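Undergrad: Which chain is which? The protein sequence lines are Y and G, in order. Counting in our numbering, the final residue of the first sequence is number 448, and the numbers go up one at a time with none missing. Counting in our numbering, the final residue of the second sequence is number 508, and the numbers go up one at a time with none missing.
These are calculated hints, taken from the structure and not from any lab test. Because the structure is a prediction, the values reported are computed rather than measured. All C-beta atoms in this analysis are idealised placements derived from N, C-alpha and C, irrespective of residue type, glycine included. Certain hints may be false.
Below, simulated DSSO-like cross-link-like pairs (lysine-lysine); rule was C-alpha separation at most 30 Å, straight line [as the list claims (entries may be wrong)]:
#	chain 1	residue 1	chain 2	residue 2
1	G	Lys63	Y	Lys143
2	Y	Lys180	G	Lys6
3	Y	Lys441	Y	Lys369
Computed beta-carbon distance windows for the label pairs [said to hold, decoys possible]:
#	chain 1	residue 1	chain 2	residue 2	range
4	Y	Ala415	G	Gln58	28 to 36 Å
5	G	Asn486	Y	Thr193	35 to 43 Å
6	G	Trp153	Y	Glu438	30 to 38 Å
7	Y	Pro243	G	Trp153	32 to 40 Å
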Amino acid sequence: MSQKQYLSEMGKESSNKAIVILGNGVSGITAARHLRKNSALPITVISEESPYFFSRTALMYVYMGHLKFEHTQPYENTFWEQNNIELVQKRVNQLDAEKQLLHFEDGSSLSYDRLVLACGSKPNKLDWLGEDLKAVQGLYHKKDLDSLEAWTDSTQSATVVGGGLIGIELAEMLHSRGKKVHFLVRESSFWNTVLPAEESELINCHIRSHGIELHLSTELESIQGDANGRVAQVQTSKGATLPCEWVGLAVGVSPNIDFLKGSGLDLGKGIRVNRFLETNLPNIYAVGDCAEQLEPLPGRQAVEAVWYTGRIMGETLAQTLTSVKTSYQPGPWFNSAKFFDIEYQTYGQVSPSPDSKKEAQVFWQHPHKNCSLRLSFDPQNLYFKGIVSLGIRLRHEYFDRWLCKPTLMNEVVKALGQSFFDPEFSPTYQAEIQSKWELKKSSFALNQ
Amino acid sequence: MMNLLKKQSSIGVGLLGLTLLLSALFIAYDNKVLWLSVSFVLMTLGGLIYFQTIYGHQLSGIKNNGVWFSALTTRGITGWLLGMGLTAFYIAIYWFPEVLGFNTQGESTGLVAFFDPLSLSLNGSPATQWFMYGTLYTFAIILFGVKFIWKYWGNRYQLFRTLSVVFFQLCFAFLIPEILAKLNPETPYFAKDLKNMWPLNYYFLDEWHLTNMLTGGNLGFFFLVFGLAMIFIGSPILTYFYGKRWYCSWVCGCGGLAETAGDPFRQLSSKKLSVWKLERWMIHAVLVFVTVTTIAAIWYFITQNPELSLISRTQFISGVVVFIIALMLILFFWNKNGLEKDAKYTLISLGSILVLSLCVQGFSGQNNILFLNSYSFQKWYGFGVGAAFSGVLGVGFYPFLGSRVWCRFGCPMAAILGLQQRLFSRFRITTNGGQCISCGNCSAYCEMGIDVRAYAQRGENIVRSSCVGCGICSAVCPRGVLKLENDGLENRINSTPYPLGNAMEVDA
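Sequences are here, hints too, so could you generate the full structure?
TA: See the structure below:
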């Protein structure tokens, strides 16, 4: 069906149909922006959390004093009115899919013609003893930031539980305000379910060099409070007692879907959607953290709570709702993070523990600086499969191209210097990495 | 605890040096060499120990912790005090130098005279308020340059750029002119800072300045030729290859101070769309103003000194006409769609100046051009832009409006280079595909008030006339999204509907 046909067909039944988006995070807002770009449909965005879109990933910088909260809002407040996007700051309690109605906490309701669920995640809690004490919290919502401000002024020692991206952010945040930080990580090395051993170890050292007490292979047992109901200490699985006045729980997030139970939506871990981001109910779609792919793409997770995938889903759904029915088709996997001072980027697939038949790797690490590169490739045909970098910026465009079309490692390594994206005059380490690869390649030639 | 003590005592030592310096306003020291040296040694020592305390033990990385909690850097009480102090100092230098001890009739006293030993050794005559100012200015760039390098340690772009501004300030703006003045005591005064080009140096083509250069022997002639060559050949070529940063954040003295001493205030620049609009009108207005002033000045020079002039009045007017027409045609045909509304207005106003100039030649008397006395143009430009804007607002208001107020709203040099940067340059800030997380650090720390994130989150490169290429957006980005670079003109602005990462097929 051409775009014209599709539009006219949709036009018959839905020329002025109101689109309601539940959630003003990156997925919902990206959908709204592209819907507005492509159409004049009435658009309403609902969020209880904040009146305007802000960058969730930037909350840490507000606490650290790099930014004010308003800096995390990518659009001026007048933007929404100018673009005729209605914002509603209310909490939705219930979805009535049959009547196409959303019921708010305050008793009012809103009808929709089409509903986009972009309600994000919520932090996990693991039913620890004492997890509801005062000054025990996660970092996800804007109000978590207020809670941090309220409790950490009177904090000398803090404990952060959970060795993931939010965990290390919390550790950095508390450390930036001069708190003594204990960082409990369940795994034997930081984030080693994703990072290969050497990279993980490099980050372990970096965390410690900032003066953080890193407790590896350590879980939280329980939290004990004082007379006022505020946390006073934690027990670790290794039997240690750590006195602290604040505890950060960062053991992952899961889709925020409790309020949708009983609505008739097919719910699993998240809201189940097909490749077109459609739920089992008509006129209801889901994007971002809350969506669970019924048929995940090869090598990808069913739920990917990542900024970039949320954005891509928003872009995709806007197409479907305004012009051409479009399936969710993200390009090659990419992601990035920053561990204290060390930037991390990855493109494609690099396994922390590769199956030697399917994936081989070449690794280079700077002798004393905090930077490293690891390229993975197919040992059968020497095609490039992915890259992980620490402390080195890489050009997305190059790696996207090398991953979309089968590219030999030789070619990638030869052009690696150009793919570096560090500021001008930075070293590129091209020669060092090249020689590592030559060495590796010869061993493969011998094997064959 | 130790650190806090060290921090506070280092501030104390620095302030002691500053107090000693300021005490010269009221105390006539007998041994100026000694006390001037003591004052500078104390300020340097205090500064260095302070920088060592805050950055010395840290790993290389971004050091913006607490920027928005400090009263100094967020228009709090200390920020206000500093801003008012600086403003008062600038008002005194420009309009009441006698307060500082400057005496046009005889020997200076006070703070100005405090600098006599240094002035005598460098240029052979007693200090003026400008010598004192130049010394302090250079000192500030060097001292805070050290701080800046320390703060951004590990980023070689920042290191080289800072070494460059320090070098150009120390040698080109300060030492060389003073030494040249000493070596040529009988030559009439003209500006001897090679890097201070027209129109930043707005009096370069003024009647008195041209006369002094032309009667200033080989040296004067060299400065005239070099100055003209930089305007018409050097600057366009450099800007084509590197963008305006070659000047604004690598060479320029105003930029030098903004990047070093002004660095703690960079986040105070407004990022509002309305302010961007204001900026474009203002900077282009200043450009028109300086052009008119310059044409008037040259006109006046030719009228007054026909014997010194290489060209006649008719030739000059025809030259201006041809130059402006050629420039406008090139701009229009080179990149018609790249011109914003305000840029077009600038061109149209320049065009009208040309028409008016033509009329003037027919109608007006000797000293007048554009129906105004040419001196009044110069006087008002000197007062309004040269002093009030670049000095008082430009530096005095660092703690209120950020470090680049002058460069953003008032510098005619930045306007010209910016126009070229926007239309005809290889420079851009490349956005790294789809990696942006919209955190806002780039926009917050852009001293020119560019909303960098607005481009980065769309996956679009940043090509803005105001960008001075300081590279801090790239430095503070937590996801490696931005890179300053020079590359071909093709696809320089890579406007795409979606940032990289989405492989959906849309049948458009």
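Undergrad: Could you run down the list of hints and mark each one as holding or not?
TA: Hint by hint, here is what the structure shows:
no.	hint	verdict
1	Lys63/G / Lys143/Y	holds, 26 Å
2	Lys180/Y / Lys6/G	holds, 21 Å
3	Lys441/Y / Lys369/Y	holds, 26 Å
4	Ala415/Y / Gln58/G: 28 to 36 Å	holds, 35 Å
5	Asn486/G / Thr193/Y: 35 to 43 Å	holds, 41 Å
6	Trp153/G / Glu438/Y: 30 to 38 Å	holds, 33 Å
7	Pro243/Y / Trp153/G: 32 to 40 Å	holds, 36 Å
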